[in-house]
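Numbering (the numbering used here), first residue to last: 1010 to 1259.
Hints are computed from structural coordinates only; laboratory data are not their basis.
A couple of the hints might just be wrong.
[To be verified] Straight line, CA to CA, 25 Å or less: simulated DMTMM-like cross-link-like pairs of lysine to aspartate or glutamate:
id, residue 1, residue 2
1, Lys1214, Asp1061
2, Lys1062, Glu1217
3, Lys1062, Glu1222
[As the list claims (entries may be wrong)] So the derived label-pair ranges between C-beta atoms look like this:
id, residue 1, residue 2, range
4, Leu1238, Gly1143, 29 to 39 Å
5, Gly1046, Lys1170, 36 to 46 Å
6, Leu1097, Gly1162, 23 to 33 Å
7, Arg1091, Asn1045, 36 to 46 Å
8, Ile1141, Asn1105, 20 to 30 Å
9, Ser1164, Gly1110, 37 to 47 Å
Values in this document were obtained by computation on a predicted structure and should not be read as measured data.
We treat Cβ as the ideally placed atom computed from N, Cα and C, and that holds for glycine.
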Amino acid sequence: MKTSQSASDKGSQAQDNSGSSASVLTCSHLSKVYSNGPQAIEVLSDVNFSIDKGESVAIVGSSGAGKSTLLNLLGGLDLPSRGEVVLLGNNFADLNEKSRGLLRNRSLGFVYQFHHLLPEFTALENVIMPLIIGKHSKSEASDRAAQLLKRVGLSERLNHKPSELSGGERQRVAIARALVAQPACVLMDEPTGNLDRKTAESIQKLMEELNSELGTSFIVVTHDESLALEQDRVLYLADGQLHHQDPLHH
1010 MKTSQSASDK
1020 GSQAQDNSGS
1030 SASVLTCSHL
1040 SKVYSNGPQA
1050 IEVLSDVNFS
1060 IDKGESVAIV
1070 GSSGAGKSTL
1080 LNLLGGLDLP
1090 SRGEVVLLGN
1100 NFADLNEKSR
1110 GLLRNRSLGF
1120 VYQFHHLLPE
1130 FTALENVIMP
1140 LIIGKHSKSE
1150 ASDRAAQLLK
1160 RVGLSERLNH
1170 KPSELSGGER
1180 QRVAIARALV
1190 AQPACVLMDE
1200 PTGNLDRKTA
1210 ESIQKLMEEL
1220 NSELGTSFIV
1230 VTHDESLALE
1240 QDRVLYLADG
1250 QLHHQDPLHH
């Protein structure tokens, strides 16, 4: 994830590559306004961002700054009040709900602080789900899921249900599920926020290895400073906008 290029150098380029052909996901002049009775609350204001293939970006900020709102917009789970989000050349606003869902399933992975695994299904069955939804054969889906679970160190836990797994193991299953369809980009919302330090470090190492081996892009919303600093870029969300440096300490 980290390269020899300095964070400050990368930060200075962060919004200059929004038109690059290498960009996997971009947003332009993104704003989100919520109505609270007669009052309009602007959570995000004129946000511009892009991420290239194989790049990893951390987004940090105080609670309530709008990080999860931004992640939902980048993932096509919500639509902006203004501006646009483009994933692999597809503007989410131009797609109907079904088409957005198909694009998400094919091109994005999601990992949350709480694993959101289906409790009645085994680890293998949980990881298979995105492939079955994507119309892959059951045998191919099972093979790919088993290989990825082996890759994340869970080859002996394929038939265990979430309740039979540790917190770190459940999060590894969630990461495998996010990656099994070989998405271009994985969106992570506090992926280590519910884990102890040793487990969090193992998840961080796993992300680095998968980023390097698969060329997957990662957007990581986190309060974990050590995790944030391992990414190629760190962006700070404050006052509804992304900054290259922490506005509270500069």
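Evaluation of the provided hints:
Distance hint between lysine 1214 and aspartate 1061 is fulfilled; the C-alpha atoms sit about 21 Å from each other, no more than 25 Å. Taking the CA atoms of lysine 1062 and glutamate 1217, the gap is near 14 Å; set against the 25 Å cutoff, the hint holds. A hinted pair counts as satisfied when its Cα atoms are at most 25 Å apart, and lysine 1062 with glutamate 1222 qualifies at roughly 12 Å. Leucine 1238 and glycine 1143 have their C-beta atoms about 34 Å apart, which keeps the hinted 29 to 39 Å range intact.
At roughly 45 Å, the beta-carbon separation of glycine 1046 and lysine 1170 lies within the given 36 to 46 Å, and the hint holds. One distance hint, 23 to 33 Å for the beta-carbon pair leucine 1097 and glycine 1162, holds here, with the actual separation near 30 Å. A hinted range of 36 to 46 Å for the beta carbons of arginine 1091 and asparagine 1045 is inconsistent with their spacing of about 18 Å. Separation of isoleucine 1141 from asparagine 1105 is about 22 Å and conforms to the stated range, judged on CB atoms against 20 to 30 Å.
At about 31 Å, the beta-carbon gap between serine 1164 and glycine 1110 misses the expected band of 37 to 47 Å.
Violated hints, listed in ascending order, are 7, 9; each of the other numbered hints is respected by the structure.
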